[in-house]
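Engineer: Residues per chain are reported as follows:
2 protein chains.
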Amino acid sequence: MPENEFARYHASMNALSRFSAQSLQEFCIQVFTHFDVASEDAETAAKVLISSDLRGIDSHGIARLFGYAGMLKEGRIKARPDVRVVHESPSTATVDGDNGLGLIVGPQANELAMQKAAAVGSGWVSVRNSNHYGIAGYYVLRALERDMIGWSMTNATSWVTPLWAAERRLGTNPIAIAFPGLREPPIVIDLATSVIAYGKIEIARRNGESIPPDWAVDESGKPTTNPDDVPAAGALAPLGTDRERGGHKGYCLSSMVDLLTGVLSGANWGPFVPPFWPRDEGQATRVGEGVGHFFGAMRIDGFGPPEEFKQRVDDWITTLRASKPAEGTDGPLIPGDPEREAEQDRGPNGIPLTLPVVESLEKLARETGIPFGN
Amino acid sequence: MPENEFARYHASMNALSRFSAQSLQEFCIQVFTHFDVASEDAETAAKVLISSDLRGIDSHGIARLFGYAGMLKEGRIKARPDVRVVHESPSTATVDGDNGLGLIVGPQANELAMQKAAAVGSGWVSVRNSNHYGIAGYYVLRALERDMIGWSMTNATSWVTPLWAAERRLGTNPIAIAFPGLREPPIVIDLATSVIAYGKIEIARRNGESIPPDWAVDESGKPTTNPDDVPAAGALAPLGTDRERGGHKGYCLSSMVDLLTGVLSGANWGPFVPPFWPRDEGQATRVGEGVGHFFGAMRIDGFGPPEEFKQRVDDWITTLRASKPAEGTDGPLIPGDPEREAEQDRGPNGIPLTLPVVESLEKLARETGIPFGN
Chain H
1 MPENEFARYH
11 ASMNALSRFS
21 AQSLQEFCIQ
31 VFTHFDVASE
41 DAETAAKVLI
51 SSDLRGIDSH
61 GIARLFGYAG
71 MLKEGRIKAR
81 PDVRVVHESP
91 STATVDGDNG
101 LGLIVGPQAN
111 ELAMQKAAAV
121 GSGWVSVRNS
131 NHYGIAGYYV
141 LRALERDMIG
151 WSMTNATSWV
161 TPLWAAERRL
171 GTNPIAIAFP
181 GLREPPIVID
191 LATSVIAYGK
201 IEIARRNGES
211 IPPDWAVDES
221 GKPTTNPDDV
231 PAAGALAPLG
241 TDRERGGHKG
251 YCLSSMVDLL
261 TGVLSGANWG
271 PFVPPFWPRD
281 EGQATRVGEG
291 VGHFFGAMRI
301 DGFGPPEEFK
311 QRVDDWITTL
321 RASKPAEGTD
331 GPLIPGDPER
341 EAEQDRGPNG
351 IPLTLPVVES
361 LEKLARETGI
371 PFGN
Chain E
1 MPENEFARYH
11 ASMNALSRFS
21 AQSLQEFCIQ
31 VFTHFDVASE
41 DAETAAKVLI
51 SSDLRGIDSH
61 GIARLFGYAG
71 MLKEGRIKAR
81 PDVRVVHESP
91 STATVDGDNG
101 LGLIVGPQAN
111 ELAMQKAAAV
121 GSGWVSVRNS
131 NHYGIAGYYV
141 LRALERDMIG
151 WSMTNATSWV
161 TPLWAAERRL
171 GTNPIAIAFP
181 GLREPPIVID
191 LATSVIAYGK
201 IEIARRNGES
211 IPPDWAVDES
221 GKPTTNPDDV
231 PAAGALAPLG
241 TDRERGGHKG
251 YCLSSMVDLL
261 TGVLSGANWG
271 PFVPPFWPRD
281 EGQATRVGEG
291 VGHFFGAMRI
301 DGFGPPEEFK
311 QRVDDWITTL
321 RASKPAEGTD
331 GPLIPGDPER
341 EAEQDRGPNG
351 IPLTLPVVES
361 LEKLARETGI
371 PFGN
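Chains as they are written, first to last, in the working numbering: chain H, 1 to 374; chain E, 1 to 374.
Be a bit skeptical, because a hint or two may be false.
Simulated pairs of lysine-lysine, BS3-like, Cα-Cα distance not exceeding 30 Å [claimed, not checked]: (1) E:Lys200 / E:Lys222; (2) H:Lys222 / H:Lys200; (3) E:Lys200 / H:Lys222; (4) H:Lys310 / H:Lys324; (5) E:Lys324 / E:Lys73; (6) E:Lys222 / H:Lys200; (7) E:Lys47 / E:Lys73; (8) E:Lys363 / E:Lys47; (9) E:Lys47 / E:Lys200; (10) E:Lys324 / H:Lys222; (11) H:Lys200 / E:Lys324; (12) H:Lys324 / H:Lys363; (13) E:Lys222 / H:Lys324; (14) H:Lys47 / H:Lys200; (15) E:Lys363 / E:Lys200; (16) E:Lys310 / E:Lys324; (17) H:Lys310 / H:Lys47; (18) E:Lys47 / E:Lys310; (19) E:Lys73 / H:Lys222; (20) E:Lys310 / H:Lys324; (21) H:Lys47 / H:Lys363.
Hints in this document: simulated from the structure, not taken from any laboratory.
Turn these sequences into a full structure, and let the hints steer you where they fit.
Structural biologist: Here it is, written out as structure tokens:
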């Protein structure tokens, strides 16, 4: 973020009430348990959600608890899924999530990838019949704890157009991967393959602002500066935006994620990936089961002595951080810096929540009888 | 490519002399053999080079033969490297290329990844002490032949700046991956993680044209439209260009490739990756050995029945191809379409070579006594 954007963001966050991560996590656990999630799974799911808030990715954290709870209440998602391996080799597997909460299915499939890595050096698990799994970055941090390089991808509701199309055909399909340092904190990469997240369109709409012409197209596939065009019948652009600036590359990366998560596992893919809260499931076309994920784990000692690798990661970090800064900037960040900075603030000082999120949690509290507060 | 660019490109190619792929490949084999490369390795290296020309990636094909030959002649690259595994697990390995021709080291390491995949479902090989390995796409096509999903990455001479830096710190670091169809041709993804290839800067310089402000920065890190600024003291921008349009994502992807290829294997990384033809090796700082690559292979039947997967890939292709076209375009391509189109032309009709390339090959012919012609 440019510094003024940082400043504006921090100012807006500082105006909000803060809630301790621990109390929010406890509330999540109780809500999940209330809706019949087994207690160990409820703890994991809450941890995934709150890790998103701690890392500053507000869109994927407790802001979604109300939605997850609603789907559990309506029986659209199973509270006690029978997550099972449907096909495997020593280093690969396909997992069926049994339409469970993605926050439960994801960690189990990721655990399987790490177990396979422990046994034969690497593990790769494609998942079908799951749901929204939180932030991709959560999973790769687990691999770091075991001296592994973790990979995580998921497909998602289609909001993104391929280059030269005028239609939503692919999700914002993120890729995450992490590398441990020795004395330096880890390098944590977690990026959506669209030019921006859909949330930025919503912010512009709320504020009545126009958007840069590089972010989205209207229903004819032409660049638009009107954020209302996107939910109307437009789409987000792929990373790179257009041909001249590499929009075909963003399209390729989003396709890669869709193929590894949806097509490989037998989940839905492309335009058929269900929305976060599928209200019209009866009518929608389905080409597979649920949402798809892909997890990978590689033991560092499958490639060489971990300490030596981590020392080289430290050297890489030091070198890149010392790059000559572009005029008007403080110089490059290391991937993972912004999320760690958020965590260093929010861990001790609490997580700022917007009023609509607080209200949704208060509503949940009234419905379930579980006390909520900071 | 927009259609007018296609048309201009095809017109320029049609004006050139064409040479049969078979005769060019035979010439390469003889040249490599002349410089003491073992005959089987010479065949492989020639095949890698010519696959680039056949697929329309002129910059990485026979245009570089003169350079490869020169480095062999000067003893900068070993003709008969002792490529060896320095560390391994059932599904992972680090390979030392013994400063061999990348066109020999790459195929051997890729073969090891596929052998490990055959044995335990997947194989992942990080490589150090190699050199330029041709096109990333060549390697993933080999995996397709064995019903595997192939991955290939390499680091490269630093021409790219991180977001918010004003310095060349990373290579154009490509990522390739391929997925087989059943009746449809395969999806082949092969992309550099910079916004454009350096070749586009050279073309603009030759033609005296300005460049779009999204492609590169000058020595202060500001966008430039003067292509001469790049070789002077500027750098290419990462995919996404700036913060607003996702330049941090291109920087993250380029970093990911550098970490998996250079840092994981113990090769050089970031600004220390040697140039294609290192003329000043004595003075340059080195943090590892040679150039780094990373290869992966996953058996499709490690995830499920291959026929079913391929049928789903066909459905994905058909669906994406049928997307509503953006106004003024013929609609989206499928990754791999442009390269296959080139191959369908160049296979039967021959490979067009520019005059400087023909002259470099004629010079090689004179030096070696190996006849060259079409």
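Engineer: Would you list, in rising numerical order, the hints stated earlier that this structure does not obey?
Structural biologist: 5, 12, 19, 20
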